[in-house]
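**Q** Each chain, letter by letter, is given below.
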Amino acid sequence: MRIVRLLLVDDETRFVETLSKRLAARGFYVEGAYSGQQALELVASRPFDVVLLDVRMPGMDGLETLQAMRKLQPLVKVILLSGAASINAAVEGMRLGAVDYLLKPADLDDILAKVDAAFEKKRLEEEQAGEKRET
Amino acid sequence: MFSVLMLRHGGAPILRLDDPARVSRRPARLPGRILVAVAACSPIPLLVALAIVAGSPLAPRWIVAIVAAGGLAASCLVAAAVAAGMTRSLAALERQRDAFYQEMARLSKAASLGEISSSIAHDLNNPLAIINEEAGWLLDLLEGRELDQEPVRREFESSVAQIRVQIKRASEFTRRLLSWTRDADRVGGPLDLNLLLSKTLYLVENELAEAGVTVVKRLDPGLPGVAGNEAELRQVFLHLMKNALDAMKGAGGTLTISTEVAGGAVRASVADTGTGIPPEILGRIFEPFFTTKPEGYGSGLGLPISAWIVERAGGRIEVESVVGEGTMFRVTLRAATAPRAAAAPVGGTHEDRPAAARG
Chain L
1 MRIVRLLLVD DETRFVETLS KRLAARGFYV EGAYSGQQAL ELVASRPFDV
51 VLLDVRMPGM DGLETLQAMR KLQPLVKVIL LSGAASINAA VEGMRLGAVD
101 YLLKPADLDD ILAKVDAAFE KKRLEEEQAG EKRET
Chain C
136 MFSVLMLRHG GAPILRLDDP ARVSRRPARL PGRILVAVAA CSPIPLLVAL
186 AIVAGSPLAP RWIVAIVAAG GLAASCLVAA AVAAGMTRSL AALERQRDAF
236 YQEMARLSKA ASLGEISSSI AHDLNNPLAI INEEAGWLLD LLEGRELDQE
286 PVRREFESSV AQIRVQIKRA SEFTRRLLSW TRDADRVGGP LDLNLLLSKT
336 LYLVENELAE AGVTVVKRLD PGLPGVAGNE AELRQVFLHL MKNALDAMKG
386 AGGTLTISTE VAGGAVRASV ADTGTGIPPE ILGRIFEPFF TTKPEGYGSG
436 LGLPISAWIV ERAGGRIEVE SVVGEGTMFR VTLRAATAPR AAAAPVGGTH
486 EDRPAAARG
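Taken in order, these protein sequences are the chains called L and C.
Mapping to the numbering used here: the first sequence position 79 is 79, numbers consecutive.
Basically the numbering used here = 1-based index in the second sequence + 135.
No wet-lab data here; the hints were simulated from the structure.
By construction, the Cβ of each residue, glycine as well, lies at the ideal position given by its N, Cα and C atoms.
It cannot be assumed that every hint is accurate.
As the list claims (entries may be wrong) - As a list, the in silico DSS-like pairs of lysine-lysine whose alpha-carbon atoms are at most 25 Å apart: (1) Lys303(C) - Lys21(L); (2) Lys71(L) - Lys384(C); (3) Lys71(L) - Lys121(L).
Unchecked claim - Which residues of chain C face chain L? A few of them, derived with a C-beta cut under 10 Å, are: (4) Pro262; (5) Glu268; (6) Gly271; (7) Asp275; (8) Gly279; (9) Gln301.
Whenever a hint applies, use it, and build me the whole structure from the sequences.
**A** See below:
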């Protein structure tokens, strides 16, 4: 099984740094971005499987980043992260193509479970796409 | 000569007298609509008040009587009778209106807390999320059993230090939040409007920054204290700032908060560089339940309640707007030279306010 490529996007730099270390220690390939713009630059340059994306960021917010990101990599799975329990943002995020939603502070086990599920979904979609190409 | 030319019902009631300049129309408010017309029926100026309860058809038969009576003397007589009869019901309606706005102000205070609670959650959950990860990382390190090694020790120290930084950040936030609610219904003493604006601004600061809005403060340091209820005035300015933010969402802009001495009064302005309000809407923004926001977002009560609060404190609220350039709300308040108890605003003192409104 190949290594899951994660992108962690949050304007809280320390959050990105420490969560990245913890996820890397669990066998993930992790990159961090501190703004929507920076995240898009990374997504434009190399493939990722799952993106953990903060909703509230200065400048380009999570929902805008999500839309632009899905244009660059339609198969990438985005899990939204939010410090504010806003049902509106969650619903809007899912409508725009996010696969899941996590509230901060989140339990690492929950993060891992959602990342696994998102990665599994992406893998299946890639397989189906591959089969279609073969037939 | 005093005669009524037209009274329309169904839509906005219009009362027209001979000289429109002499008709003062108070903006329609409330379940019913209250129209006050000053009839210059020389030599005695009469106050004719028409109270039209919502939904009821052409209620004041008085008007018909005035028209029928025709002559000046008769008009005056009928008008006098009208004035006497209507003053009582007007007073009753005014009381109803005040009760309504008081209740709405209380509800809107709760609603604005609901609106800012998302901001509050964000400001507390971010430091908590970092603390959570640092604590988790410490556990990860403990499980690694390499604690005696120098790099691991440095990691440990860094995480513990970060936890303390974030706890400080969260507790500073709660302290500022408390200063917002504490002494909120303080009675007596003039209010420092500059301080009140700065405290209010703090609540929307994050949202403004996220929306790419630059805040410019032009506060006159020599401002005298103003009359008014602190909690209520904060609600007014919070509402104006949130409106400004909404008008600039998506495009960013500049929010200018300024204070100045204007004659014997004190003026605070909240100006945005947002979308602006079209002229056809500008005249209606203080009407209850008028909103241009999508369903579920605006109650249409924020501005009417703000206007009611400001007017009750003896002040006034004005708006200027240019589509595409922005909107400026100006709140003029009385300078409080005496403690507020001695300069109670027209329309009620704090004593007759329900206790619930103080919570």
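**Q** Give a verdict on every hint.
**A** Results of checking the hints against the structure:
no.: 1; hint: Lys303(C) - Lys21(L); result: holds (23 Å)
no.: 2; hint: Lys71(L) - Lys384(C); result: holds (23 Å)
no.: 3; hint: Lys71(L) - Lys121(L); result: holds (18 Å)
no.: 4; hint: Pro262; result: holds (9 Å)
no.: 5; hint: Glu268; result: holds (4 Å)
no.: 6; hint: Gly271; result: holds (6 Å)
no.: 7; hint: Asp275; result: holds (6 Å)
no.: 8; hint: Gly279; result: holds (8 Å)
no.: 9; hint: Gln301; result: holds (8 Å)
Checked against the numbered hints given earlier, the structure satisfies every one of them.
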